[in-house]
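S.K.: Put together the whole structure using the sequences plus the hints.
full-length UniProt numbering applies: residue 1 is where the sequence shown begins, and numbers increase by one.
There may be inaccurate statements among the hints.
[Said to hold, decoys possible] So the derived label-pair ranges between C-beta atoms look like this:
(1) Ser541 <-> Glu271: 38 to 48 Å
(2) Ser186 <-> Leu628: 56 to 66 Å
(3) Ser365 <-> Ala418: 14 to 24 Å
(4) Ser472 <-> Pro394: 17 to 27 Å
(5) Asp372 <-> Pro394: 21 to 31 Å
(6) Leu195 <-> Thr511: 14 to 24 Å
(7) Asn245 <-> Gln370: 30 to 40 Å
(8) Thr296 <-> Asp206: 39 to 49 Å
(9) Gln345 <-> Ser472: 32 to 42 Å
(10) Gly468 <-> Asp339: 36 to 46 Å
Think of the hints as simulated: they come from the structure by calculation, not from any bench. Glycine residues also receive a C-beta, built at the ideal position from the N, C-alpha and C atoms.
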Amino acid sequence: MRTINRRLLIGLVLLAIFSGAVSGVTVVLSETAQTPAHDSSSGSLNEGERGVQIGLSDYPPNTQQVSLTVTLSDDVNGYGPIDTATTVYLRHYNGTLVDTEPIDSQKNITFNGDYPEGKYLVTVDDPNNGHQWTRYLSPNLPYTSENGRVRINASVVNGDIYDGEPYNVRKVTVEITSDVNKPTLSDPQPTGGRLIENSPVELSIDISDPDFGTSEGDELTVTFYDESDGSELGTQTITQNQTVNETFDNPVSGTNEWSVRVEDSYGNVVESETFSFQTPEVLELRNESAPNTLVTEESDIEVRFFGRESGEVITRTATNGTVDMTGLPVDEPLIASTDVDGYFQRSIAIDSILEQQRMFLLPESADASQVDWVLDDNSGRFDPGETTLFIERPIEIDGTTKYRVIYGEQFGGTGRTASTLATGDRYRLRVENQDGNTRLLGSYLAAGAAQETLTVGSVDFPGLDDTGTAFSAVLNDEDGVIDYRFADDSAETDELTVEIYKNGELVRNSTLSGPVQTVREQVPLSDLNHSEGDSYRIEYSADRNGIVIDGERIVGDVPELADDWNIDAGLLNILGMITIVASFGGVVILSPRHAGIVAFSVAFALSIIGVVAINQVLIGLGFVASGLFAAAGGNP
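M.R.: In structure tokens:
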């Protein structure tokens, strides 16, 4: 909140270059405002004095405008309006003429303009009587206070005159107007109990203020609150209309409420209504062999939540295939374990309830493989006691297939953990340390009881670019896999997405949440219906501190040719496309009806030798269409 200091107007000096019989001239200063007026002050300007100082109490908050009126009059009984004065002059204190206004029969003379900084003189000139009266204006006119809410313009008003006596500056009136412009809040998100299933939970609200468009501007303090306990979620300062974002810390399962308070620099306060959003309230227990089926055995199911950050352990009972999680933190990593009759004991690690609300149990009737996992950390970053193993597999639920965690547990002090997997199924393995750094260790085909060592090597990935990241991919025919790797030397990648395309069709995609430092995954060619001679385009996108780094690699026959020519596979593909376009453009000038045949012939040849990855069936269709066009004489 700001107030205007009384010193802003202390020092208004009224100079009367008047001589004669008039004395005891009174200066009255009064104020009016949209808020209740405060006080008035007055003083006397006696004969021979050059001015008087008037003191005011502090102005009410949000002062917007002060108007100043100067009235020339006589202290003796009036004898009628002035009719001899002709001009009012506004001069800079150094004598420079700034502006003039004719008096004529006007009662009020007001100077309005973009005048230079400095003190000014207001001069009334009466050529008939040879008199000139001057008023010093202080503070400088036109005057604008520091916060822009006080503006003063000088006015000269014709007054009464005692015959033969000069005019006298008689009265100053100050009017104060309050600022009633308040900020406006709109479009809060999320609200209305909307279900949120991603972490972190981001709040946003649009804020506008009419004062942003004024010369003095405004400054708003925006504070977000968690309505469950009134705690502050965060405070920001803005000076323009914008969307303000804040993270909702520590949401719980079920209903979460939040609000916003905004205060401007003039004391106006706006408090929003209470907004709400929902987070998942239950953890579902599903049959891994039949993912669309809930585990609904009559026996109680105990699920223990291990808050790996808080260390808190909570026991809850599940009935009818669900566990009530109302009130539990939803953005804290946890490990849940359960042992249900008819199912193998299963533990699951979840980064956040917002990210996965399902636990998959493998029935004892399934062909199962007991696998003992041993962690071998050569990087010095993944201490067994603080590292969790995540085992994932693609699972289809309600028509959507994606990688879902089916097992997760910490290695512990022994560096070992064990899981029961479905024999013949392929899983994806990753480890995560206490700092959230993740290593994707590739895929694993369960093929019976085994002991497997998971080796985490040191980060040694040549070819990091100027972004500090690198991506490579090769097709390994001997092992029957596409082997791709990603590295981020500072583990600042928040999310990595990799998509594999075959003949222009997306055949596999994978998204890994971070922070991600190194990833290596071997995708079996058998999962992609691979045939000899097939090539693939691999696109990757890394979200790194809000900056997206992306690119693509071509693997298969194209990389082999690229290696022979020592050309980057992606660049080779681009050069091939340019060649096709150039061949079309060159022929169309000479023989338009044959241009299509030539272009598709070139495309077919380049695809055969592996320069471009284009579906040859599509090329054939294009060739046939071009032939028909040519046969028709170039007329469609």
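S.K.: For which of the previously enumerated hints does the structure constitute a violation, in increasing order of number?
M.R.: 7
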